[in-house]
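**Student:** Take each chain as given, in its own frame, and dock them per the hints.
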Amino acid sequence: MADNEMKAKLKDFICSTLGVEADVLEYDTELFGDSSIGLDSVDSLEIISYVDGEFGVDMTGVDKENFLSIDTIAAYITANK
Amino acid sequence: MKVALITGASRGIGRACAVRLAKDGFTVVINYSRSEEEANKVLEQIRSDGGDGMIYKADVSDPAQVKQMVRDVDKKYGQIDVLVNNAGIVRDSYLLMMNNDDLDKCFDLNVKGYFYCAQQVGLKMFRRKQGVIINMSSVSGELALAGQSVYSAAKGAVNSLTRVLAKELGAKGIRVNAVAPGFIETEMINALSDEKKEEYLKEIPLGRFGKAEEVAAVVSMLTKDELSYITGQVITMDGGISL
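Residue numbers (our numbering), protein chains in the order written: chain A, 1041 to 1121; chain B, 825 to 1067.
This is chain B alone, in the form it adopts within the complex (with noise of 0.2 Å):
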C-alpha cells in the first residue's frame, strides 16, 4: 500500500489529484479547511471507483494542525510516499490596493503551508529514504500579470523552496517537483465574465481553458518510479500562455 497525502483536496486541481492517485493505487488522505460535505464527496467518488483513503481537517498554514496532520496519518498508515502541497487562496489587487491581511494569508498559507507540510512529511519520508513531494505552483511564479503581485511572489518562492529542498533531500531518496498550470477550469475561472474569458483565451495559444484532470495526469506522472530521476523541476502546463 502507498499513501498519498493531498492538500486542499476537497475541490479543483486538489479534488482531481486525490481521484487520479486513487486510481493509480494509492490510498488518498484528503485534506480540507472548511468543506467538509466536499471533502466527502471526493471520497465517496474514490471508494466507487474501487479506491480508499479518508478525509482529514487541518488548516496547513497553522504549524501545530500541520504536526499533527502527518503524525495521524502515518501512526493510521505507517507510512506517507507522496505529499502534493496544494492548497492555496489567490488574493489578486494592485499594489496601491492591497490590504496586509490579505497578503499574510496568500503567504502563511500558500507558502509557509507548502513549508510546514514539506518539513513534517520530510521527517517521516527521511526515516524511510524515500518519498516524492509535488507543490503545486502556477504559470504565475514566472509569468507577470497586473494585479497578481501577491500570488506571483507566493508561487515564485514555491519554485524556489522546490529547487532548494531537491537539493536538500535528493541523497535522501526524496524527490521535490512543482506543477505549474496555467489558467485550468476551476471555479475561480468559472466565476469570470465571459468577456474576461475571451480576453484569456485570446492569449493561449492552444486556444482553451486547461482541465484539473490533465494537472492531476501531471503529478501522477511524477510520483511513477519510471520518472524517478526528475527533481528540482517545475512543470509548466499552460496551453502555451507563457511562450
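Bound conformation, chain A alone (with noise of 0.2 Å):
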C-alpha cells in the first residue's frame, strides 16, 4: 500500500471516528494533548485497534512518540509491517 493510501486512511478514520475535522488535519498535525486536535489516551486505543485491524500491525505498547501525527502513524506501520 502506498504510504498516501495508508495516510489517507488513518485521516478517514480520525475524522470520521474521533470526531475530527478534515480540514484542520494535516499529516504532520500533532494530534494529542494541547494541540488544536486535543485527542486523548482513549482515543488513542482507537487508533491502535484501528491499525491492528486495518494494517495488521499491533501498536500496543509502543511509545508515545509515534502517535505524534498521521505521519509517524503511518511510518511506524511501514517499519512494522
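Bear in mind the hints are in silico, worked out from the structure with no lab data behind them. What you were told as hints is all true, and nothing was included just to trick you.
Restraint-style ranges between C-beta atoms, simulated for each label pair:
| id | chain 1 | residue 1 | chain 2 | residue 2 | range |
| --- | --- | --- | --- | --- | --- |
| 1 | B | E1037 | A | E1045 | 50 to 56 Å |
| 2 | A | G1078 | B | K865 | 53 to 59 Å |
| 3 | A | T1100 | B | K991 | 16 to 22 Å |
| 4 | B | V988 | A | E1045 | 34 to 40 Å |
| 5 | B | L1051 | A | D1080 | 27 to 33 Å |
| 6 | B | K991 | A | G1093 | 22 to 28 Å |
| 7 | B | R895 | A | G1059 | 29 to 35 Å |
| 8 | A | V1064 | B | E1037 | 53 to 59 Å |
| 9 | A | A1048 | B | K991 | 32 to 38 Å |
Beta carbons are placed, not taken as given, at the ideal position from N, Cα and C, and that holds for glycine.
**Tutor:** And the structure:
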C-alpha cells in the first residue's frame, strides 16, 4: 500500500470515528495533548485498534512519539508491516 | 459461533472451565504450556460432548508467544468473545525462605501473563466493541495465609487489575470480572496430607472443599448476557472460609 493511501485511510478514520474536522487535520498535525486536535488517551486506543484491524500492525505498548501525527503512525506501520 | 480462549486449560479449574464453556456453546481454545497430552484429553472430552475447539501451546508469561497465539486464534475464528485468564502457579514460602526465582516465576505468570493476554485479546475485542474477560483470582487475594505472601500479592494484583480494566474497557463494551475460589479439589489439594486437609476443612463453614466444576459454573454465569451489568467485580466462592 502506498504511503499516501495509508495516510488517507488514517485521516478518514480519525475524522469519521474521533470527530476531527478534515480541514484542520494535515498529515503532520500534532494529534494529542494541547494541539488544536486534542485527542486523548482513549482516542489512542481507537487508533491502536484500527491499525491492528486495518493494517495488521500491533501498536500496543509502542512509545508515544509514534502517535504524534498521521505521518509518524504511517511511518511506524511501514516499518513494522 | 462464539469463541472462548482459556489459558492453562489442560488441568484443574482451567479444564473445568473449558468443558463447561464448550457445553454452553462456545468454541473453546485450550491453551497449555507443557501437557499436550492432557490438553488433547480435554479437547476429546469436549468433542465427545458435542462441542469443538482446538489446543494451543503457548507460555503466557512470554509476551511474544501471547501475541502469536491471539493472532492465530483471531485469524482462525475471526473473533474472541471470552478470555479466561487462568494459567498460574503457586510458590508458597515463608518470607525469609523465599527465593527470587520463585518470586519472578509467580509474578511473570500470575500477573504479567494476565496483562499480556488481556492486552492482546482486549485489542481484538476493542475492534468489535464487545467481549468478556474473566480473571481467575483466589481467596488468597484478600485472605492472609502465612506462607502465601507471593501468591497473595499476585492475586491481590489480579483483583486490582480487574477493577481498573473494567473501568478502562467498560465504555467499549468489554466487561472484566474475577472469580476468587477458596480451596478447590485440584491436584494441589489432593497432594496435601490427610492431617492438613482436616485442618483446612475445619476452617470452612460449608465443611468441604469446592469442585472445579463449581468454579466453572461461576465463570459460565459471568459470560452470559443476562448478567451483563456486572463488571469490575471479584466474585468470591470459598465455602465461607473468608467470613
